[in-house]
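These are the residues of each chain, in order.
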Amino acid sequence: MGAAAFLAAALWCAHHTRQAESLPHLQLAYVGPGAGFAFLGSFLTLITGFFLSLASLVLWPFRMAWRIARRRNGYRHARVKKVIFLGLDGLDPRTTERMMAEGKLPNLARLAAEGSYTRLRTTYPALSPVAWSTFATGVSPARHNIFDFLDRDVRSYLPRLSSARVGEPDRVLRWGRWRIPLSRPRLDLRRKSQPFWKILGRQGIGCTILRVPVTFPPEQFDGRLLSAMCTPDLKGTQGSFSQFTTRVEQATYENGSRYPLRRAADGFTGEIEGPPDTFRAGRPPLRIPFQIARQSGAFELRITGDRCRLEPGAYTEWQRLTFRTAARATVTGMARFLVTETEPEFSLYMTPIQIDPERPALPISHPPYYAKYLANLLGAYATVGMAEDTWALNEGVIDEDAFLRQAWDIFAEREAMFLDALENTRRGVAACVFDTSDRVQHMFYRRLGAAHPHAGAIEEMYMRMDALAGKAMAFADRATALFVLSDHGFCAFRRGVNLNAWLRDHGYLHLKNGSGESGPFFAGVDWSRTQAYALGLGGFYLNLKGREALGIVDANEAAPLKAEIAAKLAALRDEDGAAPIRDVYQASSLYRGPYLDAAPDFIVGYNEGYRCSWEAAVGQVSPRVIEENNKAWSGDHCVDPALVPGVLFSNRKISAAAPGIEDLAPTALSLFGMNPPAWMEGRPLV
Amino acid sequence: MTVKLKKDLWAKVAKAAEAAGYSSPEEFVEHVLEREVARLEEAQPGEEEVLRRLKGLGYID
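Protein sequences appear in the order of chains A and B.
Take the first sequence: its position 385, counted from the start at 1, is 385 in the working numbering, and no numbers get skipped.
Take the second sequence: its position 27, counted from the start at 1, is 27 in the working numbering, and no numbers get skipped.
Keep in mind that a hint or two might mislead.
As the list claims (entries may be wrong) - List time: in silico DSSO-like cross-link candidates among lysine-lysine, alpha-carbon distance up to 30 Å:
id	chain 1	residue 1	chain 2	residue 2
1	A	Lys-198	B	Lys-12
2	B	Lys-4	A	Lys-198
3	A	Lys-471	A	Lys-104
4	A	Lys-562	B	Lys-4
Think of the hints as simulated: they come from the structure by calculation, not from any bench.
Please take these sequences and the hints and turn them into a complete structure.
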């Protein structure tokens, strides 16, 4: 523990020394996605930091003594020394069970034989941010406030990311064309209740929590945490790639951007577009020029003095990108590059610009130096929430091979972190969630059973997850409880249902000027005549008077209207007579909790093969109710949760008959001898 | 930031928080205040800013 404390102090000092070295240039501590920059590197901060570190060193023996005493007490009633949670996002029970029976998953099969295996009930809806929030807190969505990827602003009907808010700095000095932020951007984690690691931390039981979704911005607690799903990229988006190309026609991809490459004497030149310069009115994007030079069969990328070799078809390592604002403050990010074609046209793909874990522009870990510690120990790593670039594959900017290489590189980074946590956790909790299992299924479901080189991509992924489980099992001695779990299963996504179009066709949603369709975000919707609307992936809402700004449904009309809509929607049929919807659930019958008002009024349980359409998810009203899904994103789990349970393996006997993902948090508390608090809805499993 | 409440009110808050399913009285107080303040807050960023922030989320177009 002493070594850890000294390491922490050393890291802290090193961090601040580097800040001092880089003066007189202004240091940028935070760049808020759409928010602003804040200064941290002032002289005052340096002096304060010095005295704080001095005080920290002087008080260290007393703090250590207090911690040792508290930890002894915390473990007094513990039944285990250590709990390991290995989260494999989206691991499907049907595929897992079949492959275990075929002998393809030997480690998981052994874990099941020696301990337990069961299907794990997921949340309504079966979405990762919802389910992992329930994993963390042991409560249903109505008690943790995460019901979907998106929620809506009831004042404007515009969608918002449900898990976090990144707001403008409270104080900004405006002077001509200058904007000087005087405070940090406001960061707000919208997941409510308390994760089990916070409760354990209070008892002196240390937890290392790696990439569990909905942990951005990181909460303070007595432990270590690296943020995950919904952590933005440096531009403040959820991950937007760039393509630099000599193909001159300008086109902006739906979720990335295409930029021109200009031919030069010995190669090409271009500009990387970074985050907005919030020091300037109008917030123009920061840019870095770069050159690509031909070099004996390959190319060299030159960015602000740094050079790296570009081999066609091979990703570069993470390249640091330093953007300089008009006020000479700097902000750094990282990206990887891939040459995707060389003749006759030249194209270069760049991953979304990640927040640099060594100099994070936004907090991505707790304590703040933990992200830097991991980078120093293991090398640079992807930090954006959904790091695997599914949109680049959807848009054909990278091919399937390139996507898989990227996904498995990210897996390797994550595995190194997880194994480091396992090696360094003698007591307490080590938890890590891997997303590769989810992303590979999303993007390769259409290849299942096809005569295609990637027909086996999903099976190969399951086998690699099994190998990972085997590595975790090696750390699970008799005093360790190991849980391998997924948050939901998977199935095909062939057809999308536009609920807004269905609501229009049945007279519950009206458009202005008699138009039959609208753009995203309900452009053209006549709210004065609209009773219900759909947004997000899980369900839809009534336009309720007193809740929505332009609500028209009276509270006393809501119940019969809900029943009417649910009955009609259940009768929806596809062209071939198939039923796209298995069940329609009313939120008030699913959950009990203080955040129920924020829930969609209906959770839609789609049948296999169907999902909410791409357009309906962002409030668009399309001409047809049901449309083909032609994207590479061909597998999904946004269906009736009863169809996509997760998996749960343990080296302990699981006594509960029908375990749910809400049971894991109270299980962790119980294994360390604590009674789960009354507000937790899950029950201990062992 | 600290807000002081009378002891008897705090006791009622704690009881109500537990009954409602909050994880602490502080969470209850924060939620109630947030809900009230939201009525007075300015609208969120415009459509372009919303689109920018959601860009890249794999599940939506």
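For a C-alpha distance cap of 30 Å, please report whether Lys-4 (chain B) and Lys-198 (chain A) respect it. 25 Å, holds
For the pair supplied as a hint, Lys-198 (chain A) and Lys-12 (chain B), confirm whether the alpha-carbon distance does not exceed 30 Å. 25 Å, holds
Margin query: What's the verdict on Lys-471 (chain A) and Lys-104 (chain A), does the C-alpha distance respect the 30 Å limit or exceed it?
Written below: Status holds; Cα separation ~16 Å.
- [ ] Below or equal to 30 Å on CA atoms is what counts here, so check Lys-562 (chain A) against Lys-4 (chain B).
- [x] 42 Å, violated
Consistency with the previously given hints fails for number 4 only.
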